[in-house]
Amino acid sequence: MLEIKDLHVAVDGKEILKGLSLSINAGEVHAIMGPNGSGKSTLSYVLAGRAGYEITQGSIAYKGEDLTAMTPDARSAKGIFLAMQYPVEIPGVTTMTFLKTALNAQRRARGETEVDALGVLKLVRAKASALNVTEEMLKRPLNVGFSGGEKKRLEILQMALFEPKLAILDETDSGLDIDALKLVAEGVNALRAPDRGMLVITHYQRLLAFIVPDRVHVLSGGRIVAEGGKELALELEAKGYAHLAKDAA
Amino acid sequence: MNALPHRRIEDWKYSDLRSAVDADVVAAAPTAAWSVASSSGVVEIADLPAIMPRGEHGAMAELAVSHAKTGPYVRVVKGARGAVHLHLTEGGHGRALIVLDDDASLTLQETVQASDFSNVAVEIVVGKNARLDHVRLGTRSDAVQVADYSVRVAEGGIYRAHFANFGDKLSRTELHIALDGEGARAHLSGVSVLNDRHADVTTHVDHATGNTQSTQIFKNVANGHSRGVYQGKVTVRPGANGSDSRQTAKGLLLSEGAEIDLKPELEILADDVKCAHGAAVGDLDEESIFYLRSRGVSESEARSLLIRAFLEDGVAEIEDEAIRASVWQAVEAALTP
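So the protein lines, in turn, are chains H and F. Position 242 (the first sequence) corresponds to 240 in this note's numbering; numbering is contiguous. Just so we're on the same page, this note's numbering is the position in the second sequence counted from 1, plus 5.
Be a bit skeptical, because a hint or two may be false.
What the hints assert, rightly or not - Some chain F residues near chain H, calculated using beta-carbon distances under 7 Å: (1) Glu61; (2) His62; (3) Tyr78; (4) Asp288; (5) Ser293; (6) Arg298; (7) Arg300; (8) Gly301; (9) Val302; (10) Ser305; (11) Ala314; (12) Trp333.
Simulated from the structure, these hints should not be mistaken for lab results. Glycine included, each C-beta is placed from N, C-alpha and C at the ideal position.
So that you can see chain F by itself, here it is in the shape it has in the complex:
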């Protein structure tokens, strides 16, 4: 790749990477460092194997793969259960591989230590009837952070993922999901709580086989001079009948200078499918604020209650209670001036 993606490339229209980071910095970035901790279960942790599966990735992943010499490999063997905490300790170009064998299940919690620049490509394989619960908790920083996930879900497999973003100088989280077997499901959700920062979540769910299911719920709150972006593409391949996809993307603007861009995109090439999507951006409802105030709630508390209420169904998608609580805690911190 010669040049960094920029705003004249449709897919990067709202996230001008080229103007956010110097090409020399990208070229000279080291291999990223991770720490991997297994808190329970039977999990193999090793360095990347020589031959890796490769799914669809975004523009920056190629660069990550060619630069990163090694990275973590997490594998849960057939029928086993596990919980892993993956932490990006130092920025640079990184790559990781997560493999769930058939009937395996894993709770994957991902956190990052912000550094000036990071660009990671993560390959995820969810085997037959396996289940991965993935939560990525971002930080608020002045860094440029790109994370690209390619996920393949086999027959009967479930991939649940939540992305909590608090914004960076430029943040791009990209997901490419292939539902590659009957009954495969992907449930994606995310909240972006931004104050003078940028966060872009771009997802592409590919219903490659019939009777597959996907949901996407993304909520953006933007204050100050923030920019929140959600681009959600859903493809239903020819013959992938019985597929079911639902997408909700909502934005809440808290200031004049904030911007939220929501771009749903449906590409339906099969006949017998159920697809529904809705996208809306607005500000806090004055009538609701008045109602709460007429019940004694102060204006600032009313606003704060309504902002949390707006985010609620995004965070509620996280099934693990402890992880959900830690995400709420981070959301609270981001909302507290």
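Just chain H, with the same shape it has in the complex:
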């Protein structure tokens, strides 16, 4: 589903990713762990198509297509979803209006019929309560005045609503207490499916106790320095990143 080969990415002329390779099959959950500054967020932004991230070498194929040639909105319509570490606040656009606009934009791009306001409301309601997203939150401007936990829950609600094929979660656990973390993890686990791939990016092992990955990759200095099964996350927790980075080198 996703095939990243020898990816080099520069931001403001400075190389951040230095030859990263990674492949994800449908139905798999992969975790990327790494210390601050290792390039985790750069990878998530490159996959979502944010401007300012220059691919200097390598390739990204998504379902056999060159992902780098697609606009961010085209990627979304084709099933890529990035749950952001810092979701933006948009005053003046209610959360519900935003959800309806985004859902229908994706559907339109795929040639599907649009869902009317009532239909979107029903879809949202069906998924919101499990994530403890209240009616009141849906009426408020997008993310404005939301707590860190509320923002993250809303990201997962979007993921549930849009039903992406490839979901990337960028430090979704940051700033969450244990109850919020469990709630978010349950939301993510409910979306595990044979036709869906997931990439969970995190600094800490604790999220991976709730979202158990099929593969764990350790990112350090802009490349993957270690790979393994779910037990690798535990090993990292015990020994730290420095140790692994050294072993790999």
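We have chain H; now place chain F onto it with these hints.
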């Protein structure tokens, strides 16, 4: 008055009337024509009385008053309610008088038919515990339009006004509000949506008595070679304690050639007052655009959504649902290329 106001006069710095219109055209302009329609309630409509109240006005009002021979007079008697649509059908110099007796209320909708030049002075009196909801819906034109309002709000009275501007060759809307009794309130708002046009809204709220309240929310969007201006002065007179004033002025620039000038001005001469103001000009937030695009929204739709979101709290100040909808419709039309 000998010469037209020009950019070297501080108050007209961003709106150079002298270079926008020929002095001969101004001197020769006829008396403006209006149509007045009362859609509901008990409203007296007549020609101007011989003796009119006079409040503080701007530089051009004197000229309007001396040239305009007559004009509409709208009065809502004590305790009555009404709705009036005032339409400027032909340009020139004009004057009008709106009087709300004590405990009266009026919804005033004002529209204009653009002609080459218009200069109107409107006198408004809001009686004790009376309430006026005023919305002025501008057009987009190549005309020079000056409108000057002098409003006196008595004890417990409320004046709510919204000015929707779409720009002219030069457009100047000037408001002088006197909060002239305990509990008097003025809530002013406006949106200017400009594409290669000019619009200047200049307000002066005078907290003449204590325990008076005012708010101002003005939003400007400028595209092409537009110039949007908001000058907002608030005076709190000596002894007008307990006064409360809040002002927000924001500008959104959509092109390199556009300019927005925001000039808040506070003159506080009393001790115990609450005043807050904020002014900021910027362009569309790239991070917000990326966020929306990452959710499937196209770049043009994302921009359009963010522009409407920027204007939203300005238009939301209009309480009458039908009028608010008509203003949104005009905003939509102005934003559609």
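Hint by hint, work out which the structure violates, then give me just those numbers in ascending order. 1, 2, 3, 4, 10, 12
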